[in-house]
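Visitor: First to last, the protein sequences are chains A and B.
Anchor point for the first sequence: position 466 equals 466 in UniProt numbering, and the numbering is continuous, going up by one each time.
Anchor point for the second sequence: position 265 equals 265 in UniProt numbering, and the numbering is continuous, going up by one each time.
Note that these hints are calculated values from the structure, not bench results.
Do not take every clue at face value.
[As the list claims (entries may be wrong)] Here are the computed lysine to any residue pairs in the SDA-like style, where the Cα-Cα straight-line distance is at most 25 Å:
1) K66/A / G150/A
2) K408/A / L299/B
3) K370/B / A484/A
4) K431/B / P387/B
5) K66/A / P144/A
6) K290/A / N410/B
7) K408/B / D293/A
8) K290/A / K431/B
Quick caveat, the model's predicted, so the values are computed rather than measured.
Number of protein chains: 2
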Amino acid sequence: MPLFPLRRIPSLVKPGQFLSRFSHSPHSSRRFFYGYISDSKMAPQLEPFFKQVDNSAESFIDRLRKAVAIPSVSAQDENREDVFRMAQFLATELEALGAEVHQRPLGKQPGKEHLDLPPVVIARYGNDKNKRTILVYGHYDVQPALKEDGWATEPFELTIDDKDRMYGRGSTDDKGPVLGWLNVIDAHRKAGVELPVNLLCCFEGMEEYGSEGLDDFIQAEAKQFFKDTDAVCISDNYWLGTEKPCLTYGLRGCNYYSISISGPAQDLHSGVFGGSAHEPMTDLVNILSKLVDAQGNILIPGLMDLVAPVTEEEKSLYGDISYTMDNLHESLGSETGIHPTKERTLMARWRFPSLSIHGVEGAYSAPGAKTVIPAKVIGKFSIRTVPNMESADVNKLVFDHIKAEFAKLNSKNKLDVWLQHDGKWWVASPKHWNFSAASKAVEQVFGVAPDMTREGGSIPVTLTFEQATGKNVLLLPMGSSTDAAHSVNEKLDRRNYIEGTKLLGAYLHYVAEEPVSA
Amino acid sequence: MPLFPLRRIPSLVKPGQFLSRFSHSPHSSRRFFYGYISDSKMAPQLEPFFKQVDNSAESFIDRLRKAVAIPSVSAQDENREDVFRMAQFLATELEALGAEVHQRPLGKQPGKEHLDLPPVVIARYGNDKNKRTILVYGHYDVQPALKEDGWATEPFELTIDDKDRMYGRGSTDDKGPVLGWLNVIDAHRKAGVELPVNLLCCFEGMEEYGSEGLDDFIQAEAKQFFKDTDAVCISDNYWLGTEKPCLTYGLRGCNYYSISISGPAQDLHSGVFGGSAHEPMTDLVNILSKLVDAQGNILIPGLMDLVAPVTEEEKSLYGDISYTMDNLHESLGSETGIHPTKERTLMARWRFPSLSIHGVEGAYSAPGAKTVIPAKVIGKFSIRTVPNMESADVNKLVFDHIKAEFAKLNSKNKLDVWLQHDGKWWVASPKHWNFSAASKAVEQVFGVAPDMTREGGSIPVTLTFEQATGKNVLLLPMGSSTDAAHSVNEKLDRRNYIEGTKLLGAYLHYVAEEPVSA
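With the sequences and hints as input, model every part of the structure.
Guide: Quick look at the structure:
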């Protein structure tokens, strides 16, 4: 419940809004529309919605239970039918709620042409030209899960423990958030409250397997089904901790590289040939050791010069963030952090590049001992990129450095280095009205100003939506840092699901009204 | 056929030999026993044996065909029965030839107690106190083989092509050489020539899977069944090339190490954590890069000081060896050799240590891209050892160096380094009478003095026999460098099998008589 003053309740805005929203200021709108602001009383339109969410909590949980029971694992061919079943489940639910729904086919799966890609479920709820149109994204496919992987419960049976933790594959990633949007419509209808925006949904079924085909689809629909979009909201990431919600305004990009070193025509016996031939693995570990030092400093000349300097304003965002070194140690499961403070730690994760060495293909990787000289080895590493690192510039510095280091070895082996894939970083203004609306919704529901966060990882669809629609994109997570997405015992806390449904709904009310900014 | 003068024909030696063999010189014996030495005529006892081998060639090949047809793959549980069948095949054949045969059980397989270890087939042919007793070793198990691995023919069907190459799993490794000894007895019996030595056989069935249980068996039988042994001969390696036989007098040892570096409690997402935590893989490639340089120089301080200096006499052995840089390039399938000359290349393989990095356990090793920070990685490397490197000294230098290099990294990760296994190097005197006898046999059969070689790899049973019996051990290969043991399309050339049978027989005649030396 709110712990401090409500600043404005935009959900009362009615016709006339379309003209007003581009001109009024928060203060003028507040004065214009409302007779009073109460510190303790809920505004009429959110209050019945919130109450309805509480009243419908069990049916919302039941909706999640049904969704979790469908093992829509996109990475496993044998579950493809289940992924389609999950699309149908969503479509049926949305239709029952009165939405216009389409299941859009994406064709055959590249490389597995016997498989159809799961459809993108798109929906429209409301078509009022006087309302803003908000496009929301989520995915209905899940990571693989087997009880024997170490799950304490059946992964595809939603199981609630005595601390109201709801365990099940997809509970937090991303079925809970997706159903959150359905719950919002549901509760509005049951409460008799009009949805203050037109809602467009884009729910995909291949997110956990590379979002095959989605980019082209979004690009095309940006001018069609999504053409009225005023802002985008994605709920597919997590709070920084467990207590305080966050809004996410930045993501690092990722340039993923392979270094191949080859010599002999086939693997050699190290007894027979050791000492007489240049060994690709020797060359490779040498090159890999020249990329990053043990303190995480990237050793590629010129790379750090591409990084935008930290501004004082930016620095000021970090102090208030609810995060401690203990949080880091808890998530690492060890005290092997590099930096001594939370500010430096978070900056290292969010706004500076990093370089990780992922592994080696072609060398001996099994337990035990094998005396092989691998004939060809491929080292894999990636660089997390940040403003203003352009992929082409990064590639040039990487390739030049690796070639120069290899030349120093005087090896007769053959070097190849190439970019496997890249994805650009994304940074939005946390002062945009899409964010300020979400910030108010967080304050309304959780009684606390959200952390303004970035993330170290990439969510490529974020950039796709931004580029395709030209609109601001907000990341508004529902789950918490302990939800174990992609791991065993994935869960979503009941609080995050139910209050999170309120948050998504409140966001729609605030964003309907938030004056233009940033 | 011989291309130059026969030097001596010891096979005429009859009773009286026991006394004479410790005193006579080659020249005195030759003068004593023979009226003349002919350049063109075969000595009576070898000539009928050789002729009989030629006459029996088809039946010897048929014997090999039957043996290859038994898929005695020791590494695969489902073939264990076949390994036992192969032992029985050998025992039956040896008994039919008049040998005393035992199949000695070795108990249950450690770690797989539902499996019985295959027996050691031991046999004695002849028990004449006036003759030398020669112990021969071979193995009757084989590497796995599947047609779909890339075999041009069925791996367990001996298939002879138009160049008389006999393809089949185990043809060269080591069923051909094992049957060579049986063929020798067979041909002597058929030719009515007495075997000039007592022959002891030790044929094992687990060589391709670690020779489980064999060491203890040999140690025990050295005082029992093998107690009369005067010299040992092992035929389980290969010529240096394809034309010229060799005798092998040295093997490198092998110390195999693991370096484990661990940090976080579980694998991390490189986007989320990259830059904020010490990464085990970063530390590991750094350590691995400090072990050996691209030119094969071992970087562990003090290690090269353990290596025995090269003597002038030793150097002189290398010039005549039939080997070229083209041979190296052919076997590498590339021109990525380190050294410019054959002498330096062979010394690097045979008499200097080498260090090879085999791979990394725990890192990402599949094709494709995965943005993981592995929580724990284990690097594997081994050092091929040579005189006078003692394992304990090597371990200390390795451990000290790695710990010192890790300390320099200032990483909070955890380092462990340990020896996985070690096996000592072996060097015999190539001037011992066991070798000089074999050398004469090579000259007799192939008309050329053999190359005196060492090998870079280890054949641990060699050292076991030397230590258990206290006698000289000779490695007398039958197959050539192109036989592809352990690979697809393993083969044994008909010439190597048939002339090789003559060689083994001739060796027994010469070794029966060779005066004591070295």
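Visitor: Look at each hint and say if it fits the structure.
Guide: Quick rundown of the hints versus the structure:
Taking the CA atoms of K66/A and G150/A, the gap is about 23 Å. The hint holds against a cut of 25 Å. For the given pair, K408/A sits about 17 Å from L299/B by alpha-carbon distance, which is consistent with the 25 Å threshold. For the hint pairing K370/B with A484/A, the CA-to-CA distance comes to about 18 Å; that is within 25 Å, so the pair holds. Between the alpha carbons of K431/B and P387/B the distance comes to roughly 18 Å, so the proposed pair stays at or under 25 Å and holds.
Distance restraint check for K66/A and P144/A: the Cα-Cα separation of roughly 17 Å lies within the 25 Å cut-off, and the hinted pair is therefore satisfied. About 17 Å separates the Cα atoms of K290/A and N410/B, which keeps this hinted pair within 25 Å; it holds. For a cut-off of 25 Å, the pair hint linking K408/B to D293/A stands: about 11 Å separates their Cα positions. Of the pairs offered as hints, the one joining K290/A and K431/B is violated, with about 50 Å between alpha carbons and a cut-off of 25 Å exceeded.
In summary, the one numbered hint that this structure violates is 8.
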